[in-house]
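This is what each chain is made of:
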Amino acid sequence: MPEYNLYAGCSVPANYPNYEASMLRVADSFDMELKYMEGVACCGSPNLRAIDYEGWLKVNARTLAIADKNGNDIVTPCNGCFGSLKDVYYHLKHNEDYVEMVNAELASEGLEFTGDAKPRHFVEALYTDIGIDRIKDSITNPLDGVGIAIHYGCHLLRPKDVTEFRPEILKDLVAVTGAEVVEYPLWKQCCGATVLPVDEPLAIRLARDKLKSMKEAGAQFATVVCPACGNQLDLQQLDLKNTYGEEYNIPILHYPQILGLAMGLSEDEIGLYLNRVPAEPILEHVSK
Amino acid sequence: MAKTEEKTVPPVTLVDPIELSELDRDFREEIHNMPNGEELGACFACSTCTAACPIANSWDYKPHQLIRMILLGMREKVLASDEIWLCLTCFECQERCPQNVRVTDILFDCKNLAAEEGRIPPNVAELGKELVEQGQLYVITADWEREDLGLEPSLPGLQTEGVQNMLKESRTGRLLEEED
Ligand code: SF4
Ligand code: SF4
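Protein chains in written order, with this note's numbering: chain V, 3 to 290; chain E, -17 to 162.
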């Protein structure tokens, strides 16, 4: 029974309890023990990195050091947290001076960064540690081949040397549910969430490009593994109605919601009612 | 070949002729010494980064030009540019650079230098202040939503003091002082 340090971040617990709950239920059925980390808060997001590199380094080194106490890997459902933790981990691994600097600071809390506990995205841990075969065996209510587009999110994929994430992981994880993975031209492109505080019209335009590309390729649903991307693609569809007069009607599902359904979880257990663009139509594609 | 239209205006140039005396020779070194600047000097201006960037077509200074401007020492222009803050941090440019220039990371470095001089877009500064004041960007308000899903009403293990204390003493903490 693998045990993990669960770093939930702040956006998932505050804004997407349906993501959190479906992740916990899915993990539980595979005996992945996700234990909430004690004494942690926010990763700061790329915004903190932009204004205060040192502060960002310290805050995330602190989280890594807390996990180092038991040495279990950190898993997170958020690309923002994943990107921050992975990047800081990478830089600490490549720069002795940083390790010295953060450890001098962490000593007052009795903490030390050792690098034993690795930060990982939840879907990567699921794929690697549980394996696609076991996941396949757990599918009781497969989807009927309905087209689902995957939005990976920048900080899951790039920089590749830092994140070490292979796109096939999420493709396999979606396909194993019985859905069809819809390829679309802009699959790699940013959803625009990061630029929201600086230029909202630009952020909306980027969300639009993305949704349009998905729709034109025939996607009926889309899946995300990040609360910021999820928020951007789900919520902005309402704004797009106002600003561009366009309706996309692409329900945005957090990946564990899709897997959960295919594993026989009920719509209430995965909190489908909290998705902004009504996601209930997915139920028609789940075999009984 | 079709006859091209007669040009009536001079070609648009990006910047006025560069005034050598206004260049900051140390800027290049400054970025080079920052966390991700080692490969800066390897840029051969191929503009692959710009071709990869999803929004560069709306920028006055494209990513490859920003890198060039850093190499030339155009400190003021780079640090005052909107572009460094409009960057999506999507890492497309960095991923594609044949010379391993860490373009996105270098733009992060530029933002940090701008921030040190107090040049931060208001909404981003606001986020920084929130981080110092509450230790997180999002605070749980709808605990009933969590309870309905069988989750603890508040986040288990959450403790914000550690993050707040660290940030209080950093550049982010100074954002609050500047306000007083
Ligand atoms: S892709 Fe790399 S080498 Fe080419 S212009 Fe951009 S930074 Fe320079
Ligand atoms: S990281 Fe910034 S500069 Fe690079 S491609 Fe993305 S938006 Fe363009």
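Heads up, a few of these hints could be off.
The calculated lysine-lysine pairs, modelled on DSS-like cross-linking and capped at a C-alpha distance of 25 Å, are [as the list claims (entries may be wrong)]: (1) K71/V <-> K37/V; (2) K138/V <-> K71/V; (3) K190/V <-> K44/E; (4) K44/E <-> K162/V.
Derived from the structure by calculation, the hints contain no laboratory data.
Hints versus structure:
no. : hint             : result
1   : K71/V <-> K37/V  : 14 Å, holds
2   : K138/V <-> K71/V : 34 Å, violated
3   : K190/V <-> K44/E : 20 Å, holds
4   : K44/E <-> K162/V : 23 Å, holds
Of the numbered hints stated above, the single one contradicted by the structure is hint 2.
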